[in-house]
Amino acid sequence: MIELMIVMIVVSILIAVSYPGYQNQMRQNRRSDGQKLLLEIMHEQQNFYSKNSTYTTNLVAGGILGLSYPDPNGDGSVLSDKEFYLVTATVCDVPTPIADCVLLAAAPQRGQASDGDLTYNSRNVKTPATHW
Numbered sequence: 001m002i003e004l005m006i007v008m009i010v011v012s013i014l015i016a017v018s019y020p021g022y023q024n025q026m027r028q029n030r031r032s033d034g035q036k037l038l039l040e041i042m043h044e045q046q047n048f049y050s051k052n053s054t055y056t057t058n059l060v061a062g063g064i065l066g067l068s069y070p071d072p073n074g075d076g077s078v079l080s081d082k083e084f085y086l087v088t089a090t091v092c093d094v095p096t097p098i099a100d101c102v103l104l105a106a107a108p109q110r111g112q113a114s115d116g117d118l119t120y121n122s123r124n125v126k127t128p129a130t131h132w
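Numbering (the numbering used here), first residue to last: 1 to 132.
Hints in this document: simulated from the structure, not taken from any laboratory.
Quick list of simulated restraints, FRET-style, between CB atoms:
no.	residue 1	residue 2	range
1	Ser53	Tyr19	47 to 53 angstroms
2	Ser32	Met1	42 to 48 angstroms
3	Asp100	Gly74	24 to 30 angstroms
4	Arg123	Asn52	14 to 20 angstroms
5	Gly21	Asn124	31 to 37 angstroms
6	Thr96	Lys51	16 to 22 angstroms
7	Val7	Asn47	55 to 61 angstroms
8	Asp71	Arg27	21 to 27 angstroms
9	Asp71	Arg123	22 to 28 angstroms
10	Ile13	Arg123	47 to 53 angstroms
11	Leu4	Thr127	48 to 54 angstroms
12	Asp75	Met5	54 to 60 angstroms
13	Ala99	Ser68	24 to 30 angstroms
C-beta: ideal position from N, C-alpha, C; glycine also.
Using the sequences provided together with the hints, build the complete structure.
Right, here's the structure in full:
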């Protein structure tokens with residue numbers, strides 16, 4: 001009986017030590033879902049800019065960017081493949097016009113909510129730096 005108790009204690013300690021590391025690794029893996037989408041959208045934004053001399057804040061209207069992601073809110077934002085990030089496009093800085101700079105922001109969803117936003121703009125600035 002004592003041996004069983006010792007084994008249970010050892011297993012409990014191993015779980016307590018390893019679980020936070022596992023959670024951190026999962027958070028980092030999910031973050032790649034948002035990073036991938038931001039890079040893909042910025043690529044499509046650059047293509048759109050080369051044809052129209054402006055960026056767009058509507059990521060889904062009529063498929064102008066060639067994206068096939070769902071728009072859950074009906075506001076031109078898109079949800080990532082694994083639904084861990086919702087990406088929106090805005091002007092970088094007011095009063096900078098959309099023709100000069102677009103800012104993509106990926107807001108974490110579901111199990112990723114505590115991770116904070118990822119951003120990427122057409123000036124190649126990515127924040128937060130620790131998440132890229």
